[in-house]
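Chains as they are written, first to last, in numbering that gives the first Met the number 0: chain D, 0 to 138; chain S, 0 to 125.
Keep in mind the hints are simulated off the structure, nothing from the lab.
Some hints could be false.
Lysine to any residue pairs mimicking SDA-like chemistry, simulated, CA-CA at most 20 Å apart [as the list claims (entries may be wrong)]: (1) S:Lys90 x D:Ala83; (2) S:Lys104 x S:Gly79; (3) S:Lys90 x D:Ala77.
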Amino acid sequence: MTEGEGLMRRVPFVELVGAELEEMREGYGRLALIVEEKHTNPNGVMHGGVATALMDSAAAIALGALRGEAARQDSPHATVEMNASLIAAVRPGEKIVIEGRVLSLRRSVAFCESEVRRDSDGDLLAKGRFTFVLRSRSG
Amino acid sequence: MQLIGAREEEWREGYVRLALTLESKHTNPHGVVHGGVLTTLMDEAIGGVIASVRGLEEMGIAPHSTVAMNVSFLGSARAGDEILIEARVLKVGRSIAFGEAEVRKRGSDAVIAKGGLTFSIRQRRG
Numbered sequence: 000m001t002e003g004e005g006l007m008r009r010v011p012f013v014e015l016v017g018a019e020l021e022e023m024r025e026g027y028g029r030l031a032l033i034v035e036e037k038h039t040n041p042n043g044v045m046h047g048g049v050a051t052a053l054m055d056s057a058a059a060i061a062l063g064a065l066r067g068e069a070a071r072q073d074s075p076h077a078t079v080e081m082n083a084s085l086i087a088a089v090r091p092g093e094k095i096v097i098e099g100r101v102l103s104l105r106r107s108v109a110f111c112e113s114e115v116r117r118d119s120d121g122d123l124l125a126k127g128r129f130t131f132v133l134r135s136r137s138g
Numbered sequence: 000m001q002l003i004g005a006r007e008e009e010w011r012e013g014y015v016r017l018a019l020t021l022e023s024k025h026t027n028p029h030g031v032v033h034g035g036v037l038t039t040l041m042d043e044a045i046g047g048v049i050a051s052v053r054g055l056e057e058m059g060i061a062p063h064s065t066v067a068m069n070v071s072f073l074g075s076a077r078a079g080d081e082i083l084i085e086a087r088v089l090k091v092g093r094s095i096a097f098g099e100a101e102v103r104k105r106g107s108d109a110v111i112a113k114g115g116l117t118f119s120i121r122q123r124r125g
């Protein structure tokens, strides 16, 4: 089992959505998803909530990989604010790639960003910005 | 932008860079650059970069204006520091455009602020 597979087992919601972890290294995480009917809204395109959920996860994975397991256990990070630009529609059958990156990691706060791109042509479909708080379990 | 005193260093299709040497008039009571200076310049730079893609003629027919902005303040800068504001286009559509900007101190890789802005493109009436 790779480190990535271990991490994915602890993100039940990402499993529910059906995304796969493709890469995880310090400050970087990449998920992939083949969009299905179950991911769509009444317009027949991918629901924006799928994009925001996976961008959030990709950012959190990038941050977790940078902080390391011990730091993550000691003071888990949690999203406190997000902002997403939904730039283009995604249809069932298309594969999307979600990349998360850490912009800045400080003692009690971290800033990350994520992008969703269509795998076939690399077009930017969504962009998100995430603020995480690092909360110490002790005290 | 004249009030703030920033200058345009580079302006080409899809990329705009502004520069500003910070003075005490740009600071807040803590002595660091006021966030409003950074948001104003990011807005200005992204508005400019979207103009560089759309062209002045199209802008005359349908001006674009900011409808949403979201900024993360990652670091700080003080009077005497020179900051650079770089803006890029994410997407220009028919009625909406997305851009983003990063602020750094000259000569440093560290991003001190990052913003994502949304612009509405509105046809003039008549």
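A quick look at each hint next to the structure:
no. : hint               : result
1   : S:Lys90 x D:Ala83  : 14 Å, holds
2   : S:Lys104 x S:Gly79 : 11 Å, holds
3   : S:Lys90 x D:Ala77  : 30 Å, violated
The structure is inconsistent with hint 3 alone, although it conforms to all the rest.
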